[in-house]
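Each protein sequence line maps, in turn, to chains A and B.
Position one of the first sequence corresponds to residue 1 (this note's numbering), numbered consecutively onward.
Position one of the second sequence corresponds to residue 391 (this note's numbering), numbered consecutively onward.
Simulated from the structure, these hints should not be mistaken for laboratory data.
Certain hints may be false.
Below are the DSSO-like pairs computed for lysine-lysine, each with C-alpha atoms no more than 30 angstroms apart in a straight line [claimed, not checked]:
1) LYS277/A x LYS505/B
2) LYS286/A x LYS227/A
3) LYS160/A x LYS206/A
4) LYS522/B x LYS392/B
5) LYS505/B x LYS392/B
6) LYS572/B x LYS392/B
7) LYS339/A x LYS354/A
8) LYS479/B x LYS522/B
9) LYS277/A x LYS339/A
10) LYS227/A x LYS277/A
11) LYS227/A x LYS563/B
12) LYS479/B x LYS505/B
13) LYS206/A x LYS227/A
14) LYS563/B x LYS479/B
15) LYS227/A x LYS354/A
16) LYS286/A x LYS392/B
17) LYS353/A x LYS339/A
18) LYS522/B x LYS286/A
19) LYS522/B x LYS227/A
20) LYS572/B x LYS522/B
21) LYS277/A x LYS572/B
22) LYS392/B x LYS479/B
23) LYS522/B x LYS563/B
24) LYS286/A x LYS339/A
25) LYS505/B x LYS522/B
26) LYS277/A x LYS522/B
27) LYS505/B x LYS286/A
28) LYS277/A x LYS563/B
29) LYS227/A x LYS353/A
30) LYS277/A x LYS479/B
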Amino acid sequence: MSENTTTLDPVGFDPTQGLQFGMYSLGDHLPNPADGSRVSAGERIREFVGYAQAAEEAGFDFFSVGESHQEFFASQAHAVILGAIAQATSSIRIGSTSTILSTSDPVRVFENFATIDHLSEGRAELVAGRASRIGLFELLGYDLRDYEELFEEKFDLLLKIRREESVSWSGQFRAPLNNAEVLPRPEQNPLPIWRAVGGAPASAVKAGLAGVPMVMAHLGGTTSSFKPTVDAYRQAARHAGFDPAALPIATAGFLYTAPTSQEALQGLYPHINEGMKRTNGQGMPKQLFAQSVDPASIVNIGSPQQIVEKILHQHEVFGHQRYLGQIDFGGMPYDRVMKQIETIGSEIIPAVKKYTADEGTAASAEAADAPAGAAGAPAGAVATAAEEHV
Amino acid sequence: MKIVVLSGSNVGTKTRTVMDYVAQTVMGQDPDIEVTLIDLAEADMVFSDGRNFTEYSGDTGRVTAAIMDADAIIIGTPIFQASIPASLKNVFDLLPVGAFRDKVVAAVATAGSAKHYLIPQQHLLPILTYMKAQVVSPYVFVEERDLHRGQIVSEDVIARLNRLVEDTIVLTKTYAAIREEKEAAYGF
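All chains should be built: construct the whole structure from the sequences, respecting the hints.
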């Protein structure tokens with residue numbers, strides 16, 4: 001199997017620019033735990049557009065919104081929202097985290113994102129996922145027993161549509177395609193398509209075997225506990241004949257900053273706890289949440305300096321190309337999220353980019369495997385080695 | 391405080407007989423406790439299909455919600471083929487990882503033979519601890535000879551059940567107090 005480097009890394013990450021920084025929203029529409037009030041669905045949807053504009057202004061590289069079809073979410077039609085964001089922004093890359101491919105037709109998904117790519121003049125990206133909340137299977141008429149196969153078949157077809165201008169295909173979950181032209185062709189060739197991966201290595205292995213970039217999401221835990229997933233991804237890619245160094249990795253999780261870590265915990269906890277109760281049925285134990293300010297934790301909560309150190313440490317461990325912070329979860333007021341975006345843009349992003357920029361030549365084939373080499377960060381700038389705090 | 395008394399079998403009467411007594415005893419020991427008796431023989435449960443517990447409807451949704459909402463759960467299980475019955479395992483499978491975090495869980499087993507005494511220890515407790523329960527020790531083991539025509543006829547079993555209920559209530563209050571104090575100390 002041979003794919004050129006453009007296909008493996010359609011975004012074209014430049015190591016001399018350092019780690020890319022993104023913001024993502026699940027698209028949740030939750031009450032503010034402080035007073036139980038909730039903005040209207042319309043206001044919430046327009047907030048996403050406002051956040052994307054603010055993120056662009058603050059120097060973020062990427063903004064994305066997820067697809068969810070259940071109570072307490074407002075981004076069911078996430079591609080439509082991305083269309084609006086494409087119009088409202090001019091330079092920030094935009095995408096989905098994630099598009100639930102299992103319950104959609106890959107032809108229409110490709111049409112949507114190719115269109116967003118044109119509206120945004122070549123800034124669109126698609127992250128395909130299997131859904132962590134599965135109520136949408138019933139809503140959209142799919143059988144949960146096909147959970148894995150639905151995604152695998154549709155993801156294969158999506159990649160084939162991207163690869164071939166004239167597609168002939170047959171499968172289990174969609175009518176066959178016979179020399180079908182899926183139009184419009186996107187402005188970027190190829191359109192960046194990622195695979196969403198939870199913490200477990202199994203899904204990362206599938207992404208690696210397919211030679212597609214992965215977005216690895218995490219709710220909590222230590223940075224080092226996610227390293228096996230990254231290793232499994234690169235190993236699978238190499239096994240399938242792809243150059244792991246050319247395959248980008250993004251990580252995604254909670255991000256919240258305040259002058260001190262204690263204030264950060266205070267400011268974020270009610271939103272996470274109440275929001276998780278409503279969307280997953282279980283809150284976040286305080287004891288676990290308190291550990292998230294530990295330098296070894298993968299959750300980026302703390303003072304700007306603490307967060308910079310955490311992200312540099314994560315970069316040292318993973319050698320990833322993009323980090324996505326989830327900032328607006330759980331009914332956080334609009335003004336507060338805007339303030340977060342501003343602080344992150346002024347105090348966190350410049351430092352992260354400075355210390356992760358590879359000042360040497362472009363990454364060599366082995367650079368992605370070398371834990372620290374790719375980062376180019378001075379040793380003093382990163383936190384001390386992670387310890388297990390399970 | 392909310393306590394769920396769960397009769398874990400969908401056939402037979404022995405476990406239900408014992409759990410009826412357990413529910414009465416909880417109410418007798420502390421009338422302020424909200425007791426919910428769930429008998430899986432009376433609930434129309436579907437098999438777990440991996441969805442979140444909040445997404446089930448009917449009896450399945452009602453049972454999972456009651457368990458998740460409880461401060462303590464007293465589980466009664468018969469022993470079938472040297473293990474817990476499928477109906478009870480299904481309840482565990484319906485619940486999320488860590489479902490028993492910050493909950494106290496006690497167990498009562500009914501069995502046709504004393505040879506099954508270690509079955510709860512080997513088959514039930516590992517599930518409860520995996521799901522992060524604070525398990526009440528010891529469990530109560532009830533044999534067929536302890537029951538007669540829908541009644542517990544062993545004074546010893548009654549004494550042990552009384553102690554189990556008392557321990558469950560005391561431990562639930564104690565763990566709640568410890569947690570409250572600890573969480574207040576976090577300052578967020």
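Evaluated hints:
no., hint, verdict
1, LYS277/A x LYS505/B, "violated, 43 angstroms"
2, LYS286/A x LYS227/A, "holds, 25 angstroms"
3, LYS160/A x LYS206/A, "holds, 16 angstroms"
4, LYS522/B x LYS392/B, "holds, 18 angstroms"
5, LYS505/B x LYS392/B, "violated, 34 angstroms"
6, LYS572/B x LYS392/B, "holds, 21 angstroms"
7, LYS339/A x LYS354/A, "holds, 22 angstroms"
8, LYS479/B x LYS522/B, "holds, 16 angstroms"
9, LYS277/A x LYS339/A, "holds, 26 angstroms"
10, LYS227/A x LYS277/A, "holds, 29 angstroms"
11, LYS227/A x LYS563/B, "violated, 40 angstroms"
12, LYS479/B x LYS505/B, "holds, 21 angstroms"
13, LYS206/A x LYS227/A, "holds, 16 angstroms"
14, LYS563/B x LYS479/B, "holds, 27 angstroms"
15, LYS227/A x LYS354/A, "holds, 24 angstroms"
16, LYS286/A x LYS392/B, "holds, 21 angstroms"
17, LYS353/A x LYS339/A, "holds, 20 angstroms"
18, LYS522/B x LYS286/A, "holds, 15 angstroms"
19, LYS522/B x LYS227/A, "holds, 25 angstroms"
20, LYS572/B x LYS522/B, "holds, 18 angstroms"
21, LYS277/A x LYS572/B, "holds, 21 angstroms"
22, LYS392/B x LYS479/B, "holds, 22 angstroms"
23, LYS522/B x LYS563/B, "holds, 17 angstroms"
24, LYS286/A x LYS339/A, "holds, 25 angstroms"
25, LYS505/B x LYS522/B, "holds, 28 angstroms"
26, LYS277/A x LYS522/B, "holds, 18 angstroms"
27, LYS505/B x LYS286/A, "violated, 43 angstroms"
28, LYS277/A x LYS563/B, "holds, 23 angstroms"
29, LYS227/A x LYS353/A, "holds, 22 angstroms"
30, LYS277/A x LYS479/B, "holds, 24 angstroms"
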